[in-house]
Structures are given as C-alpha cells and as structure tokens.
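**Q** Guided by the hints, dock chain S onto chain U, whose structure is given.
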Amino acid sequence: EAQVTQNPRYLITVTGKKLTVTCSQNMNHEYMSWYRQDPGLGLRQIYYSMNVEVTDKGDVPEGYKVSRKEKRNFPLILESPSPNQTSLYFCASTGQGANEQFFGPGTRLTVL
Amino acid sequence: SQQGEEDPQALSIQEGENATMNCSYKTSINNLQWYRQNSGRGLVHLILIRSNEREKHSGRLRVTLDTSKKSSSLLITASRAADTASYFCATDPLFNDYKLSFGAGTTVTVRA
Chain U
-7 EAQVTQNPRY
3 LITVTGKKLT
13 VTCSQNMNHE
23 YMSWYRQDPG
33 LGLRQIYYSM
43 NVEVTDKGDV
53 PEGYKVSRKE
63 KRNFPLILES
73 PSPNQTSLYF
83 CASTGQGANE
93 QFFGPGTRLT
103 VL
Chain S
71 SQQGEEDPQA
81 LSIQEGENAT
91 MNCSYKTSIN
101 NLQWYRQNSG
111 RGLVHLILIR
121 SNEREKHSGR
131 LRVTLDTSKK
141 SSSLLITASR
151 AADTASYFCA
161 TDPLFNDYKL
171 SFGAGTTVTV
181 RA
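Protein sequence lines correspond, in order, to chains U and S.
Position 78 of the first sequence, counting from 1, maps to 70 under our numbering, and the rest follow consecutively.
Quick note: to get our numbering, add 70 to the position in the second sequence (first position is 1).
Excised from the complex, chain U in its bound form:
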C-alpha cells in the first residue's frame, strides 16, 4: 500500500531534550516536506527536500533541522525543543512532475 508513515504518532517531552520525528514514504517520491499545523493558522511549511541531499527552508524553519540521506526518509530533528514547538506535525511527499501531496497521519508533539 502506498503510504507515508510517521513515528512517533504522539510524543510528550521536556524543553531542551533533543528529539527526532521520522518520516518514510514507499512511493519513490523525489519531493518531501514537513509542515506544522496550529489552530487558526492552517499548515505552515517547515522544510522541504527536492531530492536526496537537497533541502531548503520553508516558512517556519527556526528551531528545526532536517536531513535527506535516502530518498525514502526525511527525518525532522528538534535539537532543543521549546514549548512553542508544541504542535501537530505532518510529513508529505510527491513525485516529480506531480502536484498532489500525500500526507502522513501526523505526529502530535507536546513540549513541556
């Protein structure tokens, strides 16, 4: 089944404790992206990647890092999480030449 998976789905952590949210897709898509969703603000793009080893900042990259060492994986790293990073995070992917983005199920992160 074609899908985007994220882990963990739920995470409660404390300020300053480094964490990684994994994202994997099995559709051989070139493009992957991370978004955060906050009430009343819709989805805001954090980082995106056009292909392996090619990443670029989205609209709200501060406090986040990403890497794209393999085509299928695009982890989101929070080196020192803060409470304002409490949010619902989505990973998405799309194939080259396409526009439709396939979204993962989301990761609900709470930073205390």
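Some clues are possibly wrong.
Claimed, not checked - Here are the simulated lysine-lysine pairs, DSSO-like style, with alpha carbons at most 27 Å apart:
id: 1; chain 1: U; residue 1: K49; chain 2: S; residue 2: K96
id: 2; chain 1: S; residue 1: K96; chain 2: S; residue 2: K140
id: 3; chain 1: U; residue 1: K49; chain 2: U; residue 2: K63
id: 4; chain 1: S; residue 1: K139; chain 2: S; residue 2: K96
id: 5; chain 1: U; residue 1: K63; chain 2: S; residue 2: K169
id: 6; chain 1: S; residue 1: K126; chain 2: S; residue 2: K96
id: 7; chain 1: S; residue 1: K169; chain 2: S; residue 2: K139
id: 8; chain 1: U; residue 1: K57; chain 2: U; residue 2: K9
id: 9; chain 1: S; residue 1: K140; chain 2: U; residue 2: K49
id: 10; chain 1: U; residue 1: K61; chain 2: U; residue 2: K49
id: 11; chain 1: U; residue 1: K63; chain 2: U; residue 2: K10
id: 12; chain 1: S; residue 1: K169; chain 2: S; residue 2: K96
id: 13; chain 1: S; residue 1: K169; chain 2: S; residue 2: K126
id: 14; chain 1: S; residue 1: K169; chain 2: U; residue 2: K49
id: 15; chain 1: S; residue 1: K139; chain 2: S; residue 2: K126
id: 16; chain 1: S; residue 1: K169; chain 2: U; residue 2: K61
id: 17; chain 1: S; residue 1: K169; chain 2: U; residue 2: K57
id: 18; chain 1: U; residue 1: K10; chain 2: U; residue 2: K61
FYI, nobody ran anything at the bench for these hints, they're computed from the structure.
Predicted model, so just to flag it, every value in this text is computed and none were measured.
**A** Leaving out everything else, chain S in the frame of chain U:
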C-alpha cells in the same frame, strides 16, 4: 507566509444541501489545490485546478478559479455526513510547484 485564506471559517449545513467555501490568495500561482482533513488526521488531496483552467469537476465536487480576482471556490453538492471535515486550499507560486502554501481552512459540519 500564508498565501490562501478560506472563507467562511466554519459552515454548518443539513445533509443533502450544498456547501460552498471560498479561497483567496495573494500572488500569482501555477496551480490551486483543495485538500480535506478529517479530525486531526492527515490531509487528503481532493482536486487540482491549473491557473489556465476556470472550472473543474470531480464527482460531487466543483472547483472554480478566477485568477483576475485571485480567488477560488469549492462546491460540494448533495452533502453527506461523511463530508464533515476541514477543507484547505493550497497554492504553489510561479517557478516552484512544490512549495505549497495553505490557508487556515473551512470547517464543515454536515448535520444528519
């Protein structure tokens, strides 16, 4: 930055009625897409309309695009309880098909 803005923020209708929501955006685009999100889950792509198209249909969905007014509308005909969800428009700017900007969404409730 948020490119699209949906209107209204919330909509409540009776099953069988039509639901219409609008999206306005600020800068020139390649395409405009509509997505649906059920209760905090991942977004699901509904329909894409290109900047040189004015209207598009998919099942019970009808999308219009007016590039001169920088606006789009999504019409769901003969609504069902299963249509209860949040609906988001997403635009991609000229020269970057993959950098989607989402609006804050319209929450639609269909009453049985």
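**Q** Which hints, by number, does the structure contradict?
**A** none
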